[in-house]
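Protein sequence lines correspond, in order, to chains A and B.
According to the working numbering, the first sequence is numbered sequentially starting from 1131.
According to the working numbering, the second sequence is numbered sequentially starting from 119.
Since the hints were made in silico from the structure, they are not lab data.
Glycine included, each C-beta is placed from N, C-alpha and C at the ideal position.
Be careful, since some hints might not be right.
Here are some of the chain A residues that sit facing chain B, going by a computed Cβ distance under 8 angstroms [to be verified]: (1) S1301; (2) Y1403; (3) P1437; (4) L1441; (5) V1461.
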Amino acid sequence: MERVEFISAESTHNPETGERTETMMLNMGPQHPATHGVLRVVLHLDGEVVVKAVPYIGYLHRGIEKLCEHITYQQCLPYTDRMDYLASICNNIGYILSVEKLLGIEDDIPERAKFAEVILFELGRIESHLVGIGTNALDLGAMSAFLYCFKERERIYDILETVCGARLTTSYPRVGGLPLDLPENFEEVVGNFLKVFPETLTEVDKLLTRNKIWIERTKGVAVINAEDAVSLGLTGPALRGSGVPYDVRKAMPYLGYENYDFEVPVANDGDAYARYLCRLEEMHQSLKIIEQALENLPDGPYIADLPDIVLPEKELTYTKMESLIRHFVIVYEGFKPPAGEVQHAVENPKGELSYYLVSDGTGKPYRMRVRGPSFVNMQALENMVQGSLVADVIAAIGSLDIVLGEIDR
Amino acid sequence: MAIKIKVMEPPELTWYEKMYLPQVFSGLIITLKHLLRFRPITIQYPEEVKELPPRYRGIHVMPGDDEGEIRCVACKLCEVACPTQAISIVAEAADDYGIERRPKVYNIDFMRCVFCGFCVEACPCDALRMGMKYELASYNRAGLVHTKEVFFDPNVKSEAPRDNANYLYEKGMGEILDSPEVAEKVKDLSGNYTSS
Ligand code: SF4
Ligand code: SF4
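So here's chain B without its partners, still in its complex pose (with noise of 0.2 angstroms):
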């Protein structure tokens, strides 16, 4: 395939391009016209906000479940999928709740994390994702390490449902999870599931 080239000639000025004024005009009227049709692109920050898109990656935010309580599951897989090693966790036991384990330390170190949000991709049970807030500044270094509960917020609301498959198919209960409209209604993790 013949490779098309354009070659770019530099232009001949006129005499009358070549006298430096007019130049220095025709730069002024394009300034000039920008001035009388005034249309600002920027936005004055701290007082307007700029309207953000929902896929935006800000700071994480951890939806509640049903019952208010926060959804992770403590399986670390953020930690282990997040490139700067910025999150923390810590496990406890959590057999009150019919799931095994849930975070007691969840912090995440924003003077690490780089906001590519491979730990939402991660997540296996929508107990993580990235919200809308970007403002960060802290006075010190220990004011940048977030914990679970600056993340957690109970009004965000996640259609995932809340299953634990591992825990559905040990009890010999894993195949009502093959049927999507079952799977639906699996809410209660107590362990007492009833088909009827």
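Chain A with its partners taken away, still in its complex shape (with noise of 0.2 angstroms):
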């Protein structure tokens, strides 16, 4: 990265008056509330126009892939809640299909896992792009959209914390599947949600999308064409607001999204006003997917019947001998995954995100690389900003919808 001078240097001398400007270098953060976590962007200002924005990262880093090194296949999955944490169950699923992809057992995966999967992830989607919109939304001024959006987010938090045990840090499926069943009462709960949910969909909307001041503060702030979007790789609604319908669900589906019926929203501005409408959207036919997958949910095993991978029943656990064995063999050395190396991308809220894994044939992964969506769509950053105001800097950013704790990992 280039490196900022902290005395600015593009100044600019007029002999005949005298006068000598030069750019102002201004932080932005790392403790400011607008930049959603601990980022630090240097403008640089000429009065009030942005002339240059380098966002500065790393204050959140804990090396998260180095850690899952060291650690079995099975350890890493708490790592992984704690990247976009705002969205950790897809995070926990993308890293679970790709350690399945790795052990070749995807055919393996029974039916009931795979559509209570896709109900959390798609519970995930709405949960992050409720944050996103909110809190766009608040930096510029519209608090009530806001406390709406996260008392809808309080009722996924629910239904996630009587899936998984945890509200944010949801650890839950497992390779092969899930480890408990989906409690009785998951139908519900989740349909409760989906009867309740559209009515605060629509208030957000109509407090936000026909409304003048937030249109005059997002429409034309911090827009990207589609060529630039697609070579800085901007992915998720990022890039689907530049007018481009990729959606790695559609391009390379995986737990059978192939076979449910939504659509992918796309917008062609390129502002911060379209990511919104296609974040919006996105939730709307998130809901449509919910649906059809709490529909044909089935009954039956939830977790694959791989005696090298998945853990033995507790009871066989507790009263046979081999399973003893079994269980203390794949809770020291894990599972072993044969040489190789595999990528992986789902499609998080906030755009691809992939895992790459490489093993040699031990119970720990000899490397993990996450491709993280939020930390290429920051890229984006520069191009946004570039000639507009400071006000609109925290637009872009909203917009943008990044989360540090993926951007830093």
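Take each chain as given, in its own frame, and dock them per the hints.
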């Protein structure tokens, strides 16, 4: 990255008037509430106009990729929670799918687990978009939309809590399926959510979509055209807002997404408003997917019958010698995927999240690499805000919907 | 398969909507509606406590066995399964008690623990469970390392057979575990099992 001079060199001297002007450097963050975490953006300002914006990252770096080289595949799971903590269940499922691909057991995963994962994945997407829209609106002064979004998010957290046992750090699915069957009232609670959620969505829609103030603050702000968006590698709503209909769920379907009937929302303007429209519509589409998955949720086993990979049932561990030995071996050494490498992408709420795993045949990953959507999407910031006003930087960061836990990993 | 695309067009605003005030008022109407049918979703935390689902992963609990002793046999499997190395166990011999080992020290460091529940999944004799408590604040670091006395709750009983499969198989009595109805009765591990 280019080094930023702390005393700006870009000065102009006007010999006639004797005036000397120079751009001013302003630090935004790392403790700025509108940077959604600990992002530091160094702004070079010419008056109110942004000449250059350079994001500085790394304040939340925990070395997750390196840590994962020293623990078994199963133990990596809680670490993936803490990347995109606004949709940790999506990170979990993405990771689990990659490991399943590495093991070559995708076909053995029971249908019930797949459907449940789809439902949880889409709940995670809604949850993340609610934060995305809510905080973007909050930063631009629309407090009530934020509160209603967070109210609904609380309902999703309650569902996740009954299913996974934790609200934020879900760590739920396991390689091979689900560790515990879905709770008995699962269909009921998700059904209730499906009933009450559209109401809030309409409210947010009413508060923002046709609101002149919101439109003025977002329309034509933080524009990125399709060509730049593609060449910067943007994904998710940030790319679809520029008119490129790329969605991993359609392009490289996983978890049986090819069987669901849903549309990919695309807007053409490439501004903050277009991204907002995409997010809002994506929530409607997610509801549609959840409805379909809930309707077809099959009964039956929820974890694959793979003795080498999946822990034996607890009753067997308590009573049978063979199961106990197997239990010890799997916990101690982890399952051992064949040597090789694998890459798997999922459509995280914020974009394409892909895991790259290298196995050397032992129980621990030789290398794990995460391609996080926020990390890549944030590159567009400089492009977006050049020549705009300082206040628009806030709108740009909010509409990119980045999460620093994943950028810094 | 053709990808179904929905193109989102920004709405055309009417002249009425283009004036700022009507939008401000319609926004106020929505918030006012919420005020009128006031259904709080928040809870007054220290006074009211949220009801937790049975799967909640809180501070660990160690169930007791029939004699009111700790069930743990210090196999250290939870220590191995923990992704953050939060658990530390020192074992001691427990010959007097029919099992071979029990923990002398069993500490979980809650500065490291991430409440993933893998230790509970790993425990082969139901000696560890996730509890329902989550209030962990402490004034100092030492207060965040909890010992087995904190986790142990003799009121929590476990239905899992109090077996030691290795022990029984070594004694040549492993086959009793292969029939579930007999396995039910195996509680006394003195080594003098009689099938009568
Ligand atoms: S809950 Fe997870 S982090 Fe905590 S002690 Fe158990 S295995 Fe370790
Ligand atoms: S709690 Fe369970 S897993 Fe941990 S040492 Fe005791 S018996 Fe073994």
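Okay, the hints, checked on the actual structure:
With a cut of 8 angstroms, the hint placing A/S1301 at the interface with chain B holds, because the nearest CB-to-CB distance is about 5 angstroms. Restraint check, A/Y1403 versus chain B: the minimum CB separation of about 6 angstroms is within 8 angstroms; hint holds. Interface restraint check for A/P1437: the shortest CB-CB distance to chain B comes to about 16 angstroms, outside 8 angstroms, so the restraint is violated. Because the beta carbon of A/L1441 sits about 7 angstroms from the nearest beta carbon in chain B, less than 8 angstroms, this interface hint is met.
This hint holds: A/V1461 has a C-beta 5 angstroms from the nearest C-beta of chain B, less than the 8 angstroms allowed.
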